[in-house]
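Visitor: Residue strings, one per chain:
2 protein chains.
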Amino acid sequence: MIIAGIVAEYNPFHNGHSYQLEALRKQIHPDAVVVVMSGNFLQRGEPAIVSKWTRTQMALEAGVDLVVELPYVFAVGKADVFARGAVSILDRLGVNRLFFSSECGRIEPFFNSLSLIGHHKADYEAKLTESMAKGISYPNAHAAAYRFIAQNCEKELVDLSLPNNSLGFHYIKALHQLGSKMKPITIKRLQAEHNDQTFDNDAAIASASSIRLHLMSGEQTDSICNKLPGHVAEALVAAKTKIGYAGWERFFPFLKYQLLSSNAARLAQIYEMEEGIEHRLLECIRTASTFDAFIAAVKTKRYTWARLQRLAVHILTDTLKEEAKPLALSSDPGSTRLLGMNGKGQAYLADIRKSAAITVISKIRNHRSLLLNIDLKTAQVYDYLINTDHKPMRYTETSHPPIRYDETNRRLLNE
Amino acid sequence: MIIAGIVAEYNPFHNGHSYQLEALRKQIHPDAVVVVMSGNFLQRGEPAIVSKWTRTQMALEAGVDLVVELPYVFAVGKADVFARGAVSILDRLGVNRLFFSSECGRIEPFFNSLSLIGHHKADYEAKLTESMAKGISYPNAHAAAYRFIAQNCEKELVDLSLPNNSLGFHYIKALHQLGSKMKPITIKRLQAEHNDQTFDNDAAIASASSIRLHLMSGEQTDSICNKLPGHVAEALVAAKTKIGYAGWERFFPFLKYQLLSSNAARLAQIYEMEEGIEHRLLECIRTASTFDAFIAAVKTKRYTWARLQRLAVHILTDTLKEEAKPLALSSDPGSTRLLGMNGKGQAYLADIRKSAAITVISKIRNHRSLLLNIDLKTAQVYDYLINTDHKPMRYTETSHPPIRYDETNRRLLNE
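Which chain is which? The protein sequence lines are A and B, in order. Per UniProt numbering, numbering of the first sequence is gapless, rising by one per residue and ending at 415. Per UniProt numbering, numbering of the second sequence is gapless, rising by one per residue and ending at 415.
Next comes chain A alone, as it looks inside the complex (with noise of 0.2 Å):
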């Protein structure tokens, strides 16, 4: 059996995302798909437009079989704790390709340049820890030691300036550190990077962050729907309709609020909070107005921007070092909480639900775990943010069941 397995945050689905799934259906003819999505909030540090749930429902609407939900240490995780998590879960959910897009599009250059670090291993962390000491983020002190010891290399390398290379090359990382014997194979991303915010009216494929960025600005416009599949576009005014998108601006006063209302120690227990920047935070904080002026003035050259973000959710949703260290730097999950399945993917998870090395949680009232408390803690601030005129919902956080499709009729069976 061929299991393919994704790592996606689908925020929101796009065409793109349908390319990658068409490409991967047509290179290796899969059994099932399985996708480790990330659930309401993200690797860059911000709210998912909409909800885990409808962003899973459009994941299955589009063909994939089975969608399992990247507990939140690990989604909103620097890229190799992000990577390590969803390798490791889709790994011991006994998926055996890994498929992901990148700028490069082949999988020689991820393997040439890993060993190229094991080999150097030495030259490349003493680099790395002297541009650090200088200040510099880890991003760009990573990549100045790559540059380093690439220099005299003769095989081709990936270019890991380039954010899908890069978040790639840390699947393959992690592949190596688990042991994994998941295959990885990657396609060539089309056009659109993933942070471009460009923005081609007529092309079929933007990125997600060009799509937010449009989505939030206003109007539903054609310029977009061609970018989103029909039902895709169809989720997201339903969502927009009933509660609005989830955004940082609008997320923005809870978090000054918590902010004016703590101090530097309690802020100090923050998960990844370093180096005393609770101090500059605080400082920071009085003046600012919107999100992006705030995180703007804290920005130096230490610290990038998707870090910061990341900060500012763990304050969003008060989650403690105590709690989330422990369990990011952990390489087995112990759970991940089904999301959604179409007839395929149910009848995969019943064949592998005994022997799997993870547990996949259908019911949460029959869970509790250090992971579980956080992702259902931190998705019920989501929820309650983006809903604080209480309007009624169909199910809680711990109520919601899996989303479940038929793949045959094409029709969801709840939500």
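Honestly, I wouldn't trust all of these hints.
Note that the list lumps identical chains together, so a pair holds whenever it fits in one copy or between two copies.
Stated by the list, open to error - Simulated crosslink set (BS3-like; lysine-lysine; CA at most 27 Å straight-line): (1) Lys-299 with Lys-391; (2) Lys-377 with Lys-321; (3) Lys-240 with Lys-183.
Rather than coming from a laboratory, the hints here were simulated on the basis of the structure.
Please arrange chain B on chain A, whose structure you already have, making use of the hints.
Guide: What follows is chain B alone, placed relative to chain A:
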């Protein structure tokens, strides 16, 4: 010199307060009137309808000479903590007459009651403990114990089940505990009792709580305005137009968010969180969509409404046991912030400033203390929550100068 002191919240200042000042002048012809006033959060666990600066202005325009702030840990404290903090500050400011209104209206019964409890301490405390062990709230347990020891007393006692008598009793007790030489004087409160919600359209006096209820519910009609001095009605209109009234329903989304993002261990650190009630709060907040519904859901006979509301204020302001408790138990506040003064108040302050057994703070930037840190933080939370859309403000909490009032020409010199 006769220096009169009053403990007040002025939420808002109304005709009953004018009447009290008038009676004071007639009875004791004071050389100055000093008021110690709660800041932005009040003894019953509520945000003040308008900020302490606006309320100070109201007091000065009504003839008070000097207004200083009752720090948060006392202002949002149980009756005995509140009274001890307030009495201590007035005492240290050289006040020699403590003036308060009560349902009783004569001072002798207060002394009789204090001495009765002093003489039957063992019986009183045994009864108190017995009732509280049954899960009865402190005020009710106190009332039962008091009734028990009062049975055979032949002297006239004060009815401590009435709110202003009870507060007055705590002043008398504090005077005794602190060994203060201030002479207490009480006058009979007119008509409406402290928390009486009835509202007679034609009467000139109504309770502050019934006035607030009317103000919050909509228009500032004549029936409200005839219960307020003209300058107060004007100040309320101005505050309402600028940023609106503060109140729990407006702050509730932030309280709910704070609870949802917290957990039992973190909540257990909050000031006045006792007996595991944090678990009950976390359970009840999930489905609560208004502040009143939330408190009603949490309420048991063990907790009074006011105590739960104070706890909610401490949660909202993230005020911790370890910082607040030692300060609340101390009988020396150390400092008090100067909120406002007229010419006479300024002259009096100049006279006593050097000899006073308390620091009177005019400029925040020259001072820092644990007590002041709590005041600043809680005030900043209030200031932000009434202005989440960042309307430009002339002063911040730290830059705000004391309000100055020229009593001769009847005009405010700043603000």
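Visitor: With identical chains treated as interchangeable, where does the CA-CA distance between Lys-299 and Lys-391 reach 27 Å or less: within a copy, between copies, both, or neither?
Guide: Answer is between: at 25 Å across copies they meet the 27 Å cutoff, but 37 Å inside does not.
Visitor: Using 27 Å as the alpha-carbon threshold, which applies to Lys-240 and Lys-183: within, between, both, or neither?
Guide: neither (39 Å within a copy, 65 Å between copies)
Visitor: Give the relationship of Lys-377 and Lys-321 under a CA distance limit of 27 Å: within one copy only, between copies only, both, or neither.
Guide: both (15 Å within a copy, 24 Å between copies)
Of the numbered hints listed earlier, the single one contradicted by the structure is hint 3.
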